[in-house]
Amino acid sequence: MLAYAIRRLGLSVLILIVVMTAMYGMVFLVPGDPASLALGPRATPELKEALRERMGLDQPILTQIFYFFGNVLRGDLGIDVWSKRPVLDQILEVFPNTLILGIVALGWALGIGILLGCAAVVWRDSWVDRLLGVLSVSVISVPSFVVAIYALIVFAVWLNWLPAIGAGEKGDLASQIRALILPAFAVGIGWVGYLARLIRASMLEVMEAPHIRTARAFGMRERDIVFRHALPVAIVPTISILAVGFGSILSSAVFVESVFSRPGIGTLITGAVEKRNYPVVMGTVLFMTGFYLLVVTTADLLIARLDPRVRDVLRS
Amino acid sequence: MSSVADASPAARRSIGRALLSDPMGLAGLALVTAFLLMALFAPWIAPYDPIALDVRAKFQPPSAAHWAGTDHLGRDLLSRIIWGARLALGISITSVGIAGAIGLVLGLIAGYGPRWLDSILVLIFDSMSSLPMIFFALAVITVLGPGTTTLILVIVLVSFPAYARLIRTQTLTLAGADYILAEKAMGAGTGRIIFRHLLPNVVGPLVILICMDIPVVIMLEAGLSYLNLGVKPPSPSWGNILSEGYNALRQAPYVVVVAGIPLVLATLGFTFLGEGLRDVLDPRGAGRRWG
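So the protein sequences, as listed, match chains A and B.
Using this note's numbering, the first residue of the first sequence is number 1, and each one after it goes up by one.
Using this note's numbering, the first residue of the second sequence is number 1001, and each one after it goes up by one.
For reference, chain A alone in the conformation it holds in the complex (with noise of 0.2 angstroms):
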């Protein structure tokens, strides 16, 4: 187990440095210097200059990767070109709210999920099986923020039951939870037929497994059978899916928020890119990166612990 962890533990902090290598070396790739591609056509030469001086692009390449290397681990992401203020300060003040949406629209997304999937193989091969089958795959392909615009005119325009827009007032809960309901619905109906039918396609294989054809032999209630005995096992494999499936709750989450204009990471990297503020970008980028393979590697981790025959393979 040990031997797996470290090997894991290396492969992400391996694939963190190739990323931000690469998100580093992206900047001298095309034409210009950040420091122009920030401040736009219209600055004068000496602005230029003394924004490169200040982000250190006056080094040579080999440098700045080494002091960059060396911010980042000492926390610090840049700062932003337009406002002065510390990129990570920016990125701490607003990611609770996306990481909240994520959690939520995910949980829901798994718990509808899980219920659809089980109901599927009690009544498997009926009406209700295939139903929900071409209900899962429709909402799986619908984009998310399609479906934000349409339940934005619905319940917040229309009916006037929801707020439209923003993350609620700060420190009023009720009106936090009000303004968190559609994003989330938004967010994670995609991922309610998607777990349906993986929890579904998993039950089916578990079915067949021994221990539950010895449950029925001694005459157990076949929803005891699916709930206690298959479910159970069935879920394991969905913890890596979950786990990977938070990169897309995320990209979904960056245009939900902008649809709801909710503060959060999607409203701030879509923010900066408009205005190029590229240590915005690059932080954001990062640190979601970062967050995003330490969410996989737990996951793995977990994974291994729960399930010996993965400890044998590296899946790379």
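These aren't lab readings, by the way, just hints derived from the structure by calculation.
Heads up, some of the hints might be wrong.
Selected chain B positions facing chain A (Cβ under 7 angstroms, derived; list incomplete) [to be verified]:
#1 Ser1127
#2 Ser1130
#3 Ile1141
#4 Asp1178
#5 Pro1215
#6 Pro1233
#7 Leu1265
#8 Thr1267
Selected chain A positions facing chain B (in silico; Cβ < 8 angstroms) [stated by the list, open to error]:
#9 Leu135
#10 Ser138
#11 Thr267
Virtual Cβ for every residue (Gly too), placed ideally from N, Cα, C.
Following the hints, put chain B in place on chain A, whose structure we already have.
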């Protein structure tokens, strides 16, 4: 693993029949065909010029003259949606095509080339797929500036690692097969093994994966254009129409409602078709990209 390429004409006909007998696959095929026709014949189908302004006719709800109404500049929405199909499909098919070709070549190199090269390529594929898709896309857009070319490049960059990994796995499995060893023993060169034996057998799963990826790519194009980071206005990208409609949400909600429909139908169509194809061609299921 069975594949499309080595199927005989008769087998191919039965693939078609199997797809037609599956209601979901059939619905997907119909939708995709409709959108393809719309994209191909946009100049002849569209009743108006998609970017012609007619400010006097702005914000007209759907009527006999404008079936889908007009937007804030009086442009006919139906015409914009029809031309939007050309943009959406053009961009997605071009970019997944390029990504597929790159993935095919790199995957074959990784799977059949020297071990050290394989390790380096796998590390690159892994690193690129560990960036959550949208953040990587946004980083590239910041550096290059938004636009159609950037959009295609972004889609190629986020798509090809998954394709390359699929091809690599397929190649590795095949390279150890007895018939390849037999060919080698008979003195076949690397070129013959790659083009005659590996290539035809690895293409099938790639086609399925690409087809299942098209809805993701259509969504990405529309999403980035919606954020004003993709196709530049006044081009009638579905994302642009949505974003313009969003700005007039309270004044003319039908713009957003109408603009979302083609996006929903197109992604549904390609997903249904991909699912149908996968069930027919590869019952064990190909890998799917998430994130």
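Tested hints:
1. Ser1127: B:Ser1127 check passes; min Cβ-Cβ to chain A is 4 angstroms, inside 7 angstroms.
2. Ser1130: At about 5 angstroms, which falls below the 7 angstroms cut-off, the nearest Cβ of chain A leaves the hint on B:Ser1130 intact, so it holds.
3. Ile1141: Holds. Min distance 6 angstroms.
4. Asp1178: Cβ of B:Asp1178 sits 24 angstroms from chain A, so the hint is violated.
5. Pro1215: 5 angstroms, holds
6. Pro1233: This interface hint is violated because 14 angstroms lies over the 7 angstroms limit.
7. Leu1265: With a minimum Cβ separation of about 10 angstroms from chain A (threshold 7 angstroms), the hint on B:Leu1265 is violated.
8. Thr1267: Check passed: Cβ of B:Thr1267 comes within 4 angstroms of chain A, closer than 7 angstroms.
9. Leu135: Given a least distance of 11 angstroms, the restraint on A:Leu135 is violated.
10. Ser138: 6 angstroms, holds
11. Thr267: Interface hint status for A:Thr267: violated (10 angstroms vs cutoff 8 angstroms).
Going through the hint list in order, the structure does not satisfy hints 4, 6, 7, 9, 11.
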